[in-house]
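Residue numbers (UniProt numbering), protein chains in the order written: chain V, 1 to 267; chain F, 1 to 310.
In short, the hints are calculated from the structure, not lab data. We treat Cβ as the ideally placed atom computed from N, Cα and C, and that holds for glycine. Careful: at least some of the hints might be erroneous.
As the list claims (entries may be wrong) - Computed, partial: chain F to chain V, Cβ under 7 Å: (1) Ile60; (2) Thr80; (3) Arg93; (4) Thr95; (5) Val108.
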Amino acid sequence: MIPLYVSVATRAFRRYSTYTAATLSGLFTNCVFGCIICFVYLALWDQRPNAGGYDASDAVTYVWLGQAMLMTVMVWGGGVTNDLAERIRSGDVAIDLYRPVPLIGWYVAQDVGRAGFHLLTRGLGPTIVGALLFDVRFPSGPVAWLGFAVAVVLALLVSFAVRFLVASTSFWLLDASGPNAVAFLMAAFFSGLTVPLVIFPGWSRDVVMALPWASYIQVPADIWLGKREGWDLLAGLGFGVLWAVVLFAACHLVLRRATRKVVVQGG
Amino acid sequence: MRLIEVQELRRTFTVGRFRAKREVVAVRDVSFAIEAGEMVGYIGPNGAGKSTTIKMLTGILVPSGGRLEVAGLDPSRQRTDLARRIGVVFGQRTTLWWDLPLRDSFAVLQRIYRTSPRRHEQNLAEYVELLDLGDLLDTPVRQLSLGQRMRGDIVAALLHDPEILFLDEPTIGLDVISKGRLREFLRTLNATRGTTLMLTTHDLQDIEALCDRVIVIDHGTAVFDGALADLHREGGSTRTLVVDLVDEAPPISVPGATTRKVDGPRQWLSFPTDASAAPIVAAVAAAYDVADLSIQEPDIEDVIRELYSR
Numbered sequence: 001m002i003p004l005y006v007s008v009a010t011r012a013f014r015r016y017s018t019y020t021a022a023t024l025s026g027l028f029t030n031c032v033f034g035c036i037i038c039f040v041y042l043a044l045w046d047q048r049p050n051a052g053g054y055d056a057s058d059a060v061t062y063v064w065l066g067q068a069m070l071m072t073v074m075v076w077g078g079g080v081t082n083d084l085a086e087r088i089r090s091g092d093v094a095i096d097l098y099r100p101v102p103l104i105g106w107y108v109a110q111d112v113g114r115a116g117f118h119l120l121t122r123g124l125g126p127t128i129v130g131a132l133l134f135d136v137r138f139p140s141g142p143v144a145w146l147g148f149a150v151a152v153v154l155a156l157l158v159s160f161a162v163r164f165l166v167a168s169t170s171f172w173l174l175d176a177s178g179p180n181a182v183a184f185l186m187a188a189f190f191s192g193l194t195v196p197l198v199i200f201p202g203w204s205r206d207v208v209m210a211l212p213w214a215s216y217i218q219v220p221a222d223i224w225l226g227k228r229e230g231w232d233l234l235a236g237l238g239f240g241v242l243w244a245v246v247l248f249a250a251c252h253l254v255l256r257r258a259t260r261k262v263v264v265q266g267g
Numbered sequence: 001m002r003l004i005e006v007q008e009l010r011r012t013f014t015v016g017r018f019r020a021k022r023e024v025v026a027v028r029d030v031s032f033a034i035e036a037g038e039m040v041g042y043i044g045p046n047g048a049g050k051s052t053t054i055k056m057l058t059g060i061l062v063p064s065g066g067r068l069e070v071a072g073l074d075p076s077r078q079r080t081d082l083a084r085r086i087g088v089v090f091g092q093r094t095t096l097w098w099d100l101p102l103r104d105s106f107a108v109l110q111r112i113y114r115t116s117p118r119r120h121e122q123n124l125a126e127y128v129e130l131l132d133l134g135d136l137l138d139t140p141v142r143q144l145s146l147g148q149r150m151r152g153d154i155v156a157a158l159l160h161d162p163e164i165l166f167l168d169e170p171t172i173g174l175d176v177i178s179k180g181r182l183r184e185f186l187r188t189l190n191a192t193r194g195t196t197l198m199l200t201t202h203d204l205q206d207i208e209a210l211c212d213r214v215i216v217i218d219h220g221t222a223v224f225d226g227a228l229a230d231l232h233r234e235g236g237s238t239r240t241l242v243v244d245l246v247d248e249a250p251p252i253s254v255p256g257a258t259t260r261k262v263d264g265p266r267q268w269l270s271f272p273t274d275a276s277a278a279p280i281v282a283a284v285a286a287a288y289d290v291a292d293l294s295i296q297e298p299d300i301e302d303v304i305r306e307l308y309s310r
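This is chain V alone, in the form it adopts within the complex:
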């Protein structure tokens, strides 16, 4: 199975790499937004230094990490699961089901390939630009680097599972744009892309930190910034593993129900 998934991931990487203009314009947008949010955060941290345990340098680093993760983890939704939703709507999902390959694995492999491409372009690009323009921090040692890398992989898996579940609603609703909009709002807010989850007040912070979206940006960023070390780091990764397992189990259940109960569209 591994050679197949590698082969699928490579093709997905190549597929996304064919649209150079889209990649470059997206990269440019990331950088512009990164700068704007940085200025907003700097003004905020000027008023409240040490908000959420972050100093100003942590805050700008967080901004650029957010921009870098945005496409890599597909925080807002989309990516290969949009293809899935469209294929369910048109009935082309039949083709996916005819293959002697588990549907979820097929799409995970594609999403990993896509994420690889986006990490190298939309991830690395803003990080470099951010580092040149602002006082951005880097992980303090190999443990933090490694922890961050694992956290990003987990973020991708959790995000994939959420997006897969959203796309699966098409089996019943035929059009995933409603669930997409809800998922977009939830992710935009609870991933910490708008404001870091650490500055949420009191109990609301405990709640958002327990939701799956916390694994998208907040946990990897805390590892990067050295806020999570030792057991804390492991707990952060464990949190991602837990959500990934729960959500993937949900994906399997939903897919099984869908393929046994639901009509494949079109003649």
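Using the hints, position chain F against chain V.
Showing chain F alone in chain V's frame:
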């Protein structure tokens, strides 16, 4: 050897919701068996239940009732095992990667089906040659014409040496030359490799060129199962000779044909499908001043309609 066995296959769908909920029968107690090496046309009007049957045969739709066995497997329970032994081609869908060259899609397929690299290369070389795709292997699929893409999809369905090939409207939207080439290829495939073919189509010529046997389905029920010639006989279908005379004339009378309609200088003559048009054309041309002639083949839909209305 029986490759496909279907007994009283049934599929119902629930449509609507709440109080408007009702049950629609898409396939109603259909039974047939297909032997290895057969080429079978599965035909019927839109909505007759063709695709629903194919979806059940390939395992992506669970039957509501009846028994079903393909290559000794239960399709919906052993979908993955079955997928390795069958090929499926949809005229209106593609399995190829849209943004990538054809070559890439084929390479992924080798991994999917775990075909040995040698076998894969052999098959690829042979099919690419037969379907004349050599120059297109490095072209992104989105730049291919419909006919080229279709040929690509057929190669994709065959690289893993399937025993059965299901084709759902394989010639839809293709021009005459592409259709001819495709039929030629499928005939060769069946003759040289013994691949069993089951195809749905609206094109009577597909059936004439390929299928020894036809199963007609209408409103979910198999209304005919047998040789094509018998279908025409049972359906009472006829070919039509359209004659444009130089001047208006009373209804033409030649042996072997009956004049069905007269409209000014144009007349419609029908004659049996198994008869040759040549003697009739010759007789008409000998006796009348003809400006133009054309022959209309019977429409499969008409044949079925007639079959069903009786």
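Results of checking the hints against the structure:
no.	hint	verdict
1	Ile60	holds (4 Å)
2	Thr80	holds (5 Å)
3	Arg93	holds (5 Å)
4	Thr95	holds (5 Å)
5	Val108	holds (5 Å)
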